[in-house]
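A.B. asks: If you want the building blocks of each chain, they are given just below.
There are 2 protein chains.
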Amino acid sequence: MSHLKTTTSQLNRLNIENFKLSDKYDIYIILDQLRSGNNIGSIFRTSDAFKLKKIFITGQSAIPPNKEILKTALGATETVDWEYHENAKNLVQTIKDQGIKVFAIEQAKNSTLLQDFKLANELPLAIILGNEVDGVQQELIDMADGCIEIPQFGTKHSLNVSVTSGIVIWHLVNQLLCAEN
Amino acid sequence: MSHLKTTTSQLNRLNIENFKLSDKYDIYIILDQLRSGNNIGSIFRTSDAFKLKKIFITGQSAIPPNKEILKTALGATETVDWEYHENAKNLVQTIKDQGIKVFAIEQAKNSTLLQDFKLANELPLAIILGNEVDGVQQELIDMADGCIEIPQFGTKHSLNVSVTSGIVIWHLVNQLLCAEN
Numbered sequence: 001m002s003h004l005k006t007t008t009s010q011l012n013r014l015n016i017e018n019f020k021l022s023d024k025y026d027i028y029i030i031l032d033q034l035r036s037g038n039n040i041g042s043i044f045r046t047s048d049a050f051k052l053k054k055i056f057i058t059g060q061s062a063i064p065p066n067k068e069i070l071k072t073a074l075g076a077t078e079t080v081d082w083e084y085h086e087n088a089k090n091l092v093q094t095i096k097d098q099g100i101k102v103f104a105i106e107q108a109k110n111s112t113l114l115q116d117f118k119l120a121n122e123l124p125l126a127i128i129l130g131n132e133v134d135g136v137q138q139e140l141i142d143m144a145d146g147c148i149e150i151p152q153f154g155t156k157h158s159l160n161v162s163v164t165s166g167i168v169i170w171h172l173v174n175q176l177l178c179a180e181n
Numbered sequence: 001m002s003h004l005k006t007t008t009s010q011l012n013r014l015n016i017e018n019f020k021l022s023d024k025y026d027i028y029i030i031l032d033q034l035r036s037g038n039n040i041g042s043i044f045r046t047s048d049a050f051k052l053k054k055i056f057i058t059g060q061s062a063i064p065p066n067k068e069i070l071k072t073a074l075g076a077t078e079t080v081d082w083e084y085h086e087n088a089k090n091l092v093q094t095i096k097d098q099g100i101k102v103f104a105i106e107q108a109k110n111s112t113l114l115q116d117f118k119l120a121n122e123l124p125l126a127i128i129l130g131n132e133v134d135g136v137q138q139e140l141i142d143m144a145d146g147c148i149e150i151p152q153f154g155t156k157h158s159l160n161v162s163v164t165s166g167i168v169i170w171h172l173v174n175q176l177l178c179a180e181n
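In order, the protein sequence lines correspond to chains A and B. FYI, in the working numbering the residues of the first sequence are 1 to 181. FYI, in the working numbering the residues of the second sequence are 1 to 181.
Chain A with its partners taken away, still in its complex shape (with noise of 0.2 angstroms):
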């Protein structure tokens, strides 16, 4: 079977105006003490393919307009819905008071792993991302529905923390789109 590549015309994506005015998934992202520009912007692509609902950017981290975010999220800091709060535990109550499930993606105790995550009714939901070397603070895994944990087998410590938001996000979108069917 020839398999031809998609030319950029063919991949006919959406424009901003569309994509602002298009159904998201239900799916949050909060990124809490990241101090990577690169990481960021490249969680705004991948939010951006995925059609998230929203980016929170919390606490000591970077935000748009920042060089390093733009040069990995290539446009998507347009595109994706995003909001700077200063205290990430006042955010986490409100959108918790608002009915959004939220869980953190840490390595910690009684955690589950994401193999074993399957979507029930847990939508609306947010996904809290740490920062780079100390992961997620703990006062905020306390305040979680729940805590993900991706298992790793190898010798390092964890992931990158864009590869880790888009295993994730995709574990999430994945049984999403088979459901669809």
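With a Cα cut of at most 35 angstroms, we get these calculated DSBU-like pairs of lysine-lysine:
1) A/K5 <-> B/K96
2) A/K51 <-> A/K71
3) A/K24 <-> B/K109
4) B/K5 <-> A/K67
5) A/K51 <-> B/K53
6) A/K71 <-> B/K54
7) B/K109 <-> A/K51
8) B/K118 <-> A/K20
9) B/K118 <-> A/K54
10) B/K5 <-> A/K53
Note that these hints are calculated values from the structure, not bench results.
Mind docking chain B on chain A? Use the hints.
C.D. replies: Chain B in isolation, oriented as in the chain A frame:
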């Protein structure tokens, strides 16, 4: 339920020697024409976490030791087996002859959407990831046993290649973990 963060020592990760001796998943990564050391290093880190068999780097790509690769691999170039081959076509033919099924990760006609890619007896399996701008070379796609495409719904043309690799690797490893249970 308490979700106390796991300390580094509690993670109880393998050391290099034990990693080398441990069983790996029969998954190979081919990185062809990848220019960014940051991306390659990040893919090494992901391949360490998921115990992949080997990374092949081909063509005009950055190779270890390279400052950017070492920065993002965080030591995973010392754990994950890797080889450099100048000629990607020869490599793909060689590993196909060894019984390894080869899949290009690309947006292409007649591709299999990732959510539809269920492992049956495709292992050992190799995935080809291509250049950051141009993607996988058409001549490699033509040699592959199949083409897998990550569905994308936004305005951007593609995902970052290290995020792409994380998503595809997780999609495979998730199925293997679920089959183990």
